[in-house]
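Residue numbers (our numbering), protein chains in the order written: chain B, -16 to 248; chain V, 9 to 383.
These aren't lab readings, by the way, just hints derived from the structure by calculation. Hints should not be assumed to be uniformly reliable.
[Said to hold, decoys possible] Partner residues aside, some chain V positions facing chain B, computed with beta carbon under 10 Å: (1) LEU68; (2) VAL76; (3) GLY78; (4) LEU102; (5) MET103; (6) ARG108; (7) GLN110; (8) ALA351.
[Claimed, not checked] Chain B is faced by these chain V residues, among others (derived, beta-carbon under 8 Å): (9) GLY32; (10) ALA36; (11) GLY74; (12) ALA106; (13) ARG158.
[Said to hold, decoys possible] Pairwise CB distance ranges (calculated): (14) B:GLY31 <-> V:ALA153: 41 to 51 Å; (15) V:VAL365 <-> B:GLN68: 41 to 51 Å; (16) B:GLN68 <-> V:ALA64: 26 to 36 Å; (17) V:GLY133 <-> B:ASN126: 20 to 30 Å; (18) B:ASP63 <-> V:GLY144: 57 to 67 Å; (19) V:GLY24 <-> B:PRO164: 42 to 52 Å; (20) B:SER39 <-> V:ASP251: 24 to 34 Å.
Note that beta-carbon positions come from the ideal geometry of N, C-alpha and C, so glycine has one too.
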Amino acid sequence: MAASTILNAEPAIRIKGVSIGYSAKVILKDLTLDIRRGEIIFIGGGSGAGKTTLLSNLTTLNRPLAGEIWIGGIDVASADEDALQSVRRQCGVMYQLGALFNSMTVLENVMIPMEEFTSIPFDARVEIARAKLGLVDLAHAANKMPSELSGGMQKRAAIARALALDAPIIFLDEPSAGLDPMTSADLDSLIQTLNETLGVTFVVISHELASIFAIAHRFAMIDGKRGGLVEVGDPRVMRDSSSDPLVRRFLNRQGVAVHAATAAT
Amino acid sequence: MPDAETFRILFEVAPGGLTARFVGRLDARAIAAHWETSAAQLRSNASKVFAIDLSAVDYLDGSGLGLVLGLEALAAERGAVTNIIGASEAQLRLMDMARRGQDRSHAAAQEGFVEHIGRVTLEIGRFLRGFVEFRGELLRTMLAALRDPRQLRWGDTLREMSVVGAHALPVVALLGFLIGAIIAFQCMDPLAKYGAKLQVADIVGISIFRELGPLITAILVAGRSGAAFAATIGTMKVGQEVDALRTFGITPMRFLVLPRFVACVCMTPLLAVFADLMGIAGGSVIMLSEGFSLRQYLNEIQFAVNASAFLQGLVKAGVFGALIAVIGCQRGLATNKEEGARAVGSQTTGAVVSSIVLIVIADAVLGAFFYTLGI
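Same shape as in the complex, but just chain B (with noise of 0.2 Å):
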């Protein structure tokens, strides 16, 4: 299955004019950015950017200053409580440093949403949720506490809580800081996988340029000096024909031809 054929017309996220960021400070200002259904969309940035807090504006924990943001037809911008729990449960989120609770195995971080949210009895929790570990490879550690498992293990542990409820859209804070470069391309290959298989939409917030070129159908650079976004696109084309500087270089970096290569192979 071919990710153009699951792309259509109606986005899984459109941003339209945001702006962000803490009271006084605005860090991002008047991003419009439609994100389509069915496709891994990579955002990126410098440091301080602004990358980690349009993720927290688009996971419904902090609402924009302005603009809206709508998931499933719902503005989150404006959205009450209950409307704001029904976007919950159409996205996963996975964090930086993976946010598994410590005190539970693998197995039963994976079930926690399935317990919170459906009527499923605990035998087939159990089975959905070794389904789950089996997709990101870690059935074998289902009894196992996080704190046994390597950084890699964490997040792809993470990714299969996020999982849990079949949310169509998962969020991925950082998936690659912090890992191997071999680690990092397994999960590039496992979002690959999820995203044509499942049809998940992936929208992935990291600047790790191999990942970028390997799996990401569309870049959208983000900077909060210039405002907010500066270009979205194929991340080819934008390295090798954008007419902005600032992303030619950002995508250009010495070494990035080689990794990028190795990645895709």
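Please build the complex by placing chain V on the supplied structure of chain B, with the hints as guidance.
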């Protein structure tokens, strides 16, 4: 929601084996409705060949995968072989991914009785060892600081003193005042029967100065500062801040424990004095309302409470302060960083509970000690 109704499982029993034909949208809702019945159907059928037909499934997600693989596992338990038919290439790929590394042996080894005794004994041994080691190291650090006062971090110590002492004044004042008033109030009636109303002042004085002042103060300090020590140091442990200190060559004992220890040992007696005075003030309210003059009340207290009773209280408070600091800090440092937030919580609870228990035990022991000495 129409989805649950649009999913059906049609079971066909044929001589060749059992076939489950899945029809419609296979997602979490479908499983909630169909898990029990399909598992029961599978269990009640004796045939060794089981087929799952997915050709009429128009949607299958990660949860739906759970149902397929769960039934497959159930069949395998009964020794039956499962054939998946009519699945798309993507679905088969997902299934292969999800089957990886599945290990269903629930070999959660139950701990035997002897094993349990052994483990608990080892744990107690480890705790006692840690207890002795911690005090030994603290003593060594204190001696080093006595030889070279710059070893003590004065800024931190003064800051801790203000948190442990000054910030606790309002609550100590309130409790001391009320305890004094309550004792006076409760003793008034029984003693009035013997015409000894004035001796209520003796009871207030002795009980507050010798016992309740220091005890109430220590319990408050344990709840406020002991808990804070354990939680702060525990969180630092989880965030690897303590490891960072060690790699700089700074011992947590000097950097974290000593300032808190000094602050607690100095401030608990001072707070106890304050609690004593507030207790006396509380008692005076009841005495004045019974028609005694302030002069009479204070004279009576002066007569009943000698300097040694006052000093006993101070010594007790100092000992209590030391206990609180040592237990709070030790508990914090004992936090298991792998267990994270939960470990911080349990160590904090442990710090407060064991501080209070040890304070009361120490109170009894010191009381007996002073009594034997005839002070």
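Which earlier hints can't be squared with this structure? Numbers 9, 13, in rising order.
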